[in-house]
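> First to last, the protein sequences are chains A and B.
Sequential numbering of the first sequence, starting at 1, is according to the working numbering.
Sequential numbering of the second sequence, starting at 1, is according to the working numbering.
Worth flagging that the hints you see were computed from the coordinates, not collected in a lab.
Among the hints, a few may not be true.
[Claimed, not checked] Partial list, derived from the structure: chain A residues whose beta carbon lies under 8 Å from chain B: (1) F15; (2) G45; (3) S46; (4) K48; (5) T51; (6) G170; (7) I171; (8) K173; (9) K194.
[To be verified] Simulated restraints on C-beta separations: (10) B/H223 / A/F211: 49 to 57 Å; (11) A/F211 / B/I89: 34 to 42 Å; (12) A/F211 / B/G186: 52 to 60 Å; (13) A/K194 / B/G277: 30 to 38 Å; (14) B/A127 / A/E40: 49 to 57 Å.
Backbone N, C-alpha and C fix where the C-beta goes; we use that ideal spot for every residue, glycine too.
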Amino acid sequence: MTQQSILLDGLPVPFEEGQTIMDAAMAAEIFIPHLCHHPEFKPQGSCKLCTVKATAATFRRARCRPRTAWRSRTTRRISTTSGGRCCRCCSSKAITSARRAKRAATACCRRWPTNSKCCRRISTSSTPIGRSMPRTRGAARLQSLHSLRTVRARQPRRRWQARLSLSGRGITKHLIVNAESGRLADTDFSLTDKAAHVCPVGVILEKRKGFAVPIGQRRYDVDPIGMQVERLAHRTTTEEEI
Amino acid sequence: VFDGMSVAGFTIGATKGLLYLRGEYAYLLPALRENLARRRRDGLLGTALCGQDGCDFDIDIHVGAGAYVCGEESALLESLEGKRGVPRIRPPFPVTVGYRGQPTVVNNVETLCKAALIAVNGGAWFAGLGTKQSTGTKLLSISGDVEMPGIYDYPFGVSVAQVLNDCGAGNAQAVQVSGPSGICLGMHEFSRHMAFEDVPTAGAFMVFGAHRDMFEVARNFAHFFAHESCGFCTPCRVGTSLVANCMDKIADGHGSQYDINEIFKIHRLLHVASHCGLGQSACNPLFDTLNKFRPAYERRLRSLDFEPAFDLDQALAAARQMTGRDDPAAHFGLAARVPGVTT
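Using the sequences provided together with the hints, build the complete structure.
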């Protein structure tokens with residue numbers, strides 16, 4: 001029996017019954033840009049970066065390609081305008097942010113004027129890497145978006161454990177913790193907690209860990225996400241079809 | 001409504017019905033509870049309805065804070081379960097996995113009300129009303145610049161002009177049908193008909209008189225959506241507030257064609273990428289008013305190219321005050337070129 005497969009940007013991707021498109025693509029080592037997805041958690045679908053267009057019968061003509069690329073780029077672009085905090089993987093402000101996160105535990109979304117891209121400013125001033133950086137590392141540095149992934153990673157086993165939750169709505173939605181002072185430091189939250197490490201946008205950051213990997217050697221400095229997407233999207237169907 | 005719920009429960013074999021009451025309407029609660037108690041006494045609710053064995057149905061009222069997004073069925077279910085009103089991922093749809101994981105039918109009270117009337121009068125009676133594709137009647141909640149606002153009951157197919165005439169809106173320039181997510185009709189479209197095949201409606205009918213500024217109306221809607229976004233998905237959480245910012249920028253006189261193009265771009269993104277209908281339709285009123293009332297926007301635009309959101313000369317005001325200078329060299333832009341001009 002031949003394995004069932006879908007065509008993703010013209011490439012055959014085998015799948016099993018009940019598998020999500022994301023899981024199938026990951027298994028086939030095709031990168032669909034995403035933030036909120038984590039293999040260990042139930043799919044949540046809040047970042048919407050992974051949105052692809054299902055074209056059913058016309059899949060073989062790969063009509064989804066241009067629109068997919070455009071959409072994830074735009075989503076990424078609007079995401080980067082929404083906050084002032086920098087992600088632990090890339091930021092020159094990582095240490096300050098971590099301190100602030102630990103102190104206040106409320107990682108608020110700050111509203112930025114439409115056209116000010118704080119991350120662009122930071123990266124151009126603090127890094128010598130070159131012109132492709134701001135956009136291509138956009139996904140990795142989405143800032144201060146609340147992260148449900150962090151919340152989901154923190155399921156308390158005992159009553160007095162720290163519990164993270166989301167509060168507020170719309171653009172002011174933010175992370176809160178169940179300490180009376182509202183400070184993460186006043187709970188038993190520790191670095192061994194999964195929630196301290198899973199946030200894709202750096203809402204909770206580890207202290208004194210800024211630039212553990214020097215600029216220029218970080219994962220997406222070498223092969224930026226955007227480049228990866230474009231390279232993957234431009235792969236042709238030379239691979240053997242299943 | 002309670003009759004309709006009982007009919008629905010009987011039809012699908014459910015034993016439990018829930019009515020969701022928004023906090024704003026909590027004053028209705030005593031009367032509704034009284035009604036339910038009377039029905040239980042009369043054998044219209046509880047076990048063995050109307051003396052029929054195996055026909056059990058009871059109704060409970062759930063009071064919730066409510067939100068615009070709680071009109072979305074899965075967000076409503078979340079709210080009923082005591083969680084935040086955030087739309088669920090579908091599938092599974094509520095008919096298979098709904099309230100507390102049980103199959104659930106979610107309907108508007110108006111639909112259930114009609115179900116009760118159909119049960120009494122028969123399907124042929126209902127099918128005889130309205131148009132061929134949109135049978136029955138529709139409650140219109142009319143508000144805005146009219147002499148007699150209120151709830152009107154019309155058969156489907158009624159023209160917008162007739163509704164306006166009946167409610168005493170002599171001077172209307174636009175009508176927003178179905179609330180902020182719906183369609184904005186300009187004066188030249190008042191001959192259109194309220195029906196699924198022409199102007200579909202959810203019931204809201206907002207009339208705007210000639211003295212209203214349609215740009216301000218749209219700006220108000222933009223802020224409404226930014227406020228009502230539940231914040232779950234990125235396109236809606238960020239997109240709605242970006243649109244609100246764009247509208248503010250235009251309102252402040254800093255707008256340009258660039259901002260209008262920005263709004264169109266975000267509209268396209270929200271339409272395809274949002275998690276639920278709120279985000280998908282958040283830019284509809286702007287899109288409609290932009291197409292139909294373009295002059296209201298254009299007279300606010302500073303230039304047709306690009307303008308930054310801040311005034312550089314204004315930003316220097318504090319520095320000028322501190323240094324006590326006001327010569328042309330301390331200004332930027334027009335004021336620097338033409339002495340004596342203050343921005």
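> Kindly confirm whether 49 to 57 Å is satisfied by the beta carbon distance between B/H223 and A/F211.
violated, 40 Å
> Is the interface hint for A/K173 satisfied, with its Cβ closer than 8 Å to some Cβ of chain B?
With a minimum Cβ separation of about 3 Å from chain B (threshold 8 Å), the hint on A/K173 holds.
> Kindly confirm whether 52 to 60 Å is satisfied by the beta carbon distance between A/F211 and B/G186.
With Cβ atoms ~57 Å apart, the hint holds.
> Return the status of the interface hint for A/G45: holds when the least beta-carbon distance to chain B is below 8 Å, violated otherwise.
holds, 5 Å
> A closest beta-carbon separation below 8 Å is what the hint needs, so does A/G170 meet it against chain B?
holds, 4 Å
> Would you check whether A/T51 satisfies its interface hint, that is, whether its CB is within less than 8 Å of any CB in chain B?
holds, 5 Å
> Please verify that hint: A/S46, Cβ, nearest Cβ of chain B, below 8 Å or not.
OK, holds: A/S46 within 8 Å of chain B, min 5 Å.
> A/F211 and B/I89, beta-carbon distance inside 34 to 42 Å?
holds, 37 Å
> Against chain B, run the beta carbon of A/I171 and see if the smallest gap drops under 8 Å.
A/I171 check passes; min Cβ-Cβ to chain B is 4 Å, inside 8 Å.
> Take a look at whether the Cβ-Cβ distance between A/K194 and B/G277 falls inside 30 to 38 Å.
holds, 34 Å
> Grab the minimum C-beta distance from A/K48 to chain B and call the hint holds if it beats 8 Å, violated otherwise.
A/K48 check passes; min Cβ-Cβ to chain B is 5 Å, inside 8 Å.
> Holds or violated: the hint that A/K194 contacts chain B, with Cβ atoms closer than 8 Å.
violated, 22 Å
Checked against the numbered hints given earlier, the structure breaks hints 1, 9, 10 and satisfies all the rest.
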